[in-house]
Amino acid sequence: MTDPDTILLWGLPSDPPIAAVAEPLRRAGCPVILLDQDGVLDTEMTLNVARNVEGVLYLEDERLDLSMVKSVYLRPYDSRELPSVAGAAENGAALSHALAVQDMMLSWSELAPALVLNRPSHMAANNSKPYQALWLESLGFKIPPTLITTDPEAALQFWRRHGTVIYKSVSGVRSIVSRVSDAHTARFDDIASCPTQFQQYIEGTEYRIHVIGDTVIASEILSAADDYRYSAEPAKMLACELPGAVAARCRRVARSMKLSVAGLDCKRTRDGSWYCFEVNPSPGFTYFEQATGQPIADAIAQLLMAGPPALQWDPARRETPRLR
Amino acid sequence: MIIILASRWDSTAEAVAARWAHRSVEVMTPQDLCVSGWRQHLGACESDTSSSDVAVVQRRLLPQREITGVLTRLPWVTDGEVIEVAAHDRGYVATEMTAFLLFWLSRLKCPVLNRPTPTCLSGPYWRAEKWVHVAARAGIPVQAARRDTQSESAANALPPTTSVAVTVIGRHIFGDAHPELLAQSRRLSELAEVALLTVRFADAERGAAFLGADTFSSLDDERFKEAALEYLCKTPAANQ
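Just so you know, the sequences run in chain order V and X. Numbering-wise, the first sequence is residues 0 to 323 according to numbering that gives the first Met the number 0. Numbering-wise, the second sequence is residues 0 to 239 according to numbering that gives the first Met the number 0.
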């Protein structure tokens with residue numbers, strides 16, 4: 000019999016955010032079920048959708064009625080990359096089964112009346128940085144002068160006009176943010192083969208701001224590197240308080256994107272302007288939690304324990320706001 | 000100029016362009032993203048330069064302000080669209096192109112059929128379960144969407160060939176079905192916020208069960224092409 004307050008975690012047990020959220024939930028005595036993605040070949044599922052959304056997960060020794068799930072925290076990896084599936088034949092039964100479970104879980108996650116952190120379609124805006132930038136700009140954050148081009152000459156002019164320029168991927172694929180240098184000009188002709196994003200480098204202090212429900216937890220990042228994530232010298236991080244208006248803007252961004260958990264990458268310039276570069280809908284928050292001691296996992300666990308808000312999720316409501 | 004954004008392998012796109020030949024119309028494919036000339040500006044101080052934004056269509060540069068409408072027949076860019084790229088880079092390039100097109104289409108002020116969402120370049124990508132759930136919540140009789148991993152081969156199976164299709168394109172609704180089904184199709188297009196939608200019912204009679212929908216149309220019917228052209232030629236406000 001499934002507990003009616005079950006909290007479902009979907010991902011890999013070794014994934015630091017999953018492990019970090021599971022810990023306070025178990026400490027609080029919550030009924031937690033971890034759907035171990037790597038056990039996908041031993042997982043079966045049924046889904047039956049009309050006006051109601053019904054589903055059952057059959058794990059190795061457990062039957063989970065999904066209508067009993069109060070909250071879900073999901074961080075699934077691409078099924079093809081799972082240890083138990085990697086190397087499986089492209090048209091083989093193992094990969095087909097893994098992809099079927101993944102797709103059915105994603106479908107259920109879109110529709111379940113539970114609190115879902117976060118629904119897959121709401122996370123999708125992160126797949127395009129300039130699309131997200133339009134959104135962030137409409138909500139009051141500054142966006143650096145940006146050029147997306149296949150024209151080497153235009154890129155060169157942009158670099159000359161703005162002095163210090165960085166380039167990065169257009170999509171959500173993780174890329175190392177790098178400054179354009181003289182050495183890059185020899186490869187500028189490659190730009191013609193795919194739109195490339197150039198952005199004026201903004202001097203200032205970097206922040207990672209986690210929004211969890213209404214809670215805002217900000218970390219200041221001290222690093223001289225263009226991309227602190229790949230710096231040889233580890234970045235120093237400090238817990239900090241944001242100006243009230245900035246915290247409110249961060250909440251507004253997360254709410255607008257229907258993200259109950261979000262990690263905003265921001266920068267404050269010397270004149271007090273705030274730029275936002277990206278909103279991560281599935282933030283790897285443990286990196287910041289370990290460095291600052293801020294209780295991010297606890298805040299996520301609290302949100303999961305509270306369950307869905309009184310106003311139930313309506314799948315027919317607009318998925319994304321219209322951009323101006 | 001009207002742009003038809005389509006796969007390089009989409010012969011229907013060429014047929015639609017031929018039908019609309021009395022207008023200025025061109026087919027854009029992901030191959031056009033591999034041509035020097037695209038320039039898109041955004042962010043602080045760049046808004047004054049956005050009037051100089053340039054697109055590339057059929058390998059020719061096109062000032063963006065000359066685009067008056069876009070028919071999107073491409074849900075996303077796949078590896079198969081960029082076969083000229085080294086095999087190990089195709090996935091990345093296709094992902095980058097999809098991300099770029101989402102941004103590009105999203106900020107066009109002209110009519111776009113369908114407007115993109117982060118899940119699909121032409122309207123929302125909704126699985127069968129979501130269509131059925133939304134229809135049921137709107138009071139439309141439905142055939143439940145059922146799947147299980149032990150008989151997954153049946154998943155997303157096409158509806159019976161005897162099903163009836165209703166096509167919504169802008170203010171037009173096409174389909175030999177009871178008026179109630181036409182009204183339900185209109186309601187679904189509003190809920191999905193799309194102007195182009197194909198809806199399938201179990202039969203043409205009143206009370207027929209909703210089977211599924213998708214945001215694409217083959218546009219194989221000449222009336223569909225005319226309705227799509229009418230939508231694209233209207234001002235954005237007229238299409239609200």
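No lab work stands behind these hints, which were simulated from the structure alone. All residues carry an ideal CB built from backbone N, CA and C; glycine is no exception. Hints may contain errors.
Claimed, not checked - So these bits of chain X aren't anywhere near chain V, every CB distance computed over 12 Å:
1) Trp8
2) Asp88
3) Asp147
4) Arg170
5) Arg185
6) Phe215
7) Cys232
To be verified - In silico lysine-lysine, DSSO-like type, Cα no more than 27 Å apart, as pairs:
8) V:Lys257 to V:Lys69
9) V:Lys266 to V:Lys167
10) V:Lys266 to V:Lys235
11) X:Lys108 to V:Lys141
12) V:Lys69 to V:Lys167
13) X:Lys108 to V:Lys257
Claimed, not checked - Have a look at the derived ranges for each label pair, beta carbon to beta carbon:
14) V:Met67 to X:Ala14: 50 to 58 Å
15) V:Ala223 to X:Ala14: 51 to 59 Å
16) V:Arg50 to X:Asp202: 19 to 27 Å
Those earlier numbered hints the structure runs against, lowest number first:
Those not satisfied are hints 2, 3 and 12.
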